[in-house]
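Novice: Sequence:
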Amino acid sequence: MKETMVCVVGNVATQPVFRETVAGPTARFRLAVTQRYWDREKNVWTDGHTNFFTVWSKRTLATNVQGSVAVGDPLVVRGRLKVRSEQRDGQSFAYADIEASAIGHDMARGTSAFRRGHRSEAAPETPAGPEPSWETEPGARAEPGEQGSRSGHVSGAGPTDGAGPAAGARATKGSGGPGESGRSRREPALAT
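Residue numbers (the working numbering): 1 to 192.
Calculated from the structure, these hints are not laboratory results. Incorrect hints may appear among the rest.
To be verified - SDA-like mimics (lysine to any residue), calculated; alpha carbons at most 20 Å apart, straight line: (1) LYS58 to ARG78; (2) LYS58 to ALA102; (3) LYS58 to GLY24; (4) LYS58 to GLY104; (5) LYS82 to ALA102; (6) LYS82 to ASP97; (7) LYS2 to GLU99; (8) LYS82 to MET5; (9) LYS2 to ASP97; (10) LYS58 to MET5; (11) LYS58 to ARG28; (12) LYS58 to ARG80; (13) LYS42 to ARG80; (14) LYS82 to ALA32; (15) LYS58 to SER101; (16) LYS82 to ARG115; (17) LYS58 to CYS7; (18) LYS82 to PHE52; (19) LYS82 to THR54; (20) LYS82 to ARG28; (21) LYS58 to THR4; (22) LYS58 to VAL44; (23) LYS82 to SER68; (24) LYS82 to GLU3; (25) LYS58 to ALA23; (26) LYS58 to ARG115; (27) LYS2 to ARG80; (28) LYS82 to GLU99; (29) LYS58 to PRO25; (30) LYS2 to LEU81; (31) LYS2 to HIS105; (32) LYS82 to LEU61.
Claimed, not checked - Simulated restraints, written as ranges between beta carbons of each label pair: (33) GLN91 to ARG116: 40 to 50 Å; (34) ARG40 to ARG19: 46 to 56 Å; (35) ARG88 to ARG109: 31 to 41 Å; (36) THR46 to ALA108: 12 to 22 Å; (37) ARG116 to VAL9: 33 to 43 Å; (38) GLY110 to GLN35: 33 to 43 Å; (39) MET5 to ARG36: 16 to 26 Å; (40) TRP38 to ARG116: 39 to 49 Å.
Glycine included, C-beta positions come from ideal geometry on N, C-alpha and C.
Build out the structure end to end from the sequences listed, making use of the hints.
Specialist: Right, here's the structure in full:
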């Protein structure tokens with residue numbers, strides 16, 4: 001199948017319109033993509049031509065767009081380009097639509113806080129156990145039941161990826177306690 005996949009970076013120009021349809025949720029909004037270039041004569045950045053795209057999203061992506069996207073937000077949109085034309089009152093009009101497969105905030109222009117979407121089916125709750133100790137002081141022996149945290153396995157966790165003690169762990173700065181001197185340690189990622 002031949003498709004024209006594009007990745008565009010621009011600003012949200014219209015408030016997203018969300019609809020529940022028989023086929024599932026959909027959302028659409030307009031994205032303004034303006035070329036910028038350096039004007040050597042004036043020594044300033046100058047706006048060039050602006051292209052407008054109608055961005056369409058479906059299902060979970062549409063639901064997440066509704067809760068995350070607002071007018072003026074800088075976005076990166078990836079999806080299928082669909083150009084259509086129509087005749088109206090003797091004039092020809094062309095429209096450029098993007099059927100989005102991924103939408104995200106442009107992190108080069110600001111920060112964003114990610115929240116995992118709610119799933120329609122409830123995930124089984126697991127009882128919270130004691131947090132494993134990721135470090136053992138030099139010369140100390142692991143207590144029975146703690147052996148898994150030293151070998152990179154945490155009971156109930158998935159397989160490790162070789163990058164750290166457990167899948168989903170992230171490196172953080174030490175807490176500055178005795179003997180740490182700012183070295184890195186591993187902490188489990190927060191469960192959501």
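Novice: Against the structure, test the hints numbered earlier, and report the numbers of the ones violated in rising order.
Specialist: Result: hints 13, 16, 22, 23, 31, 37 and 38 break, sorted rising.
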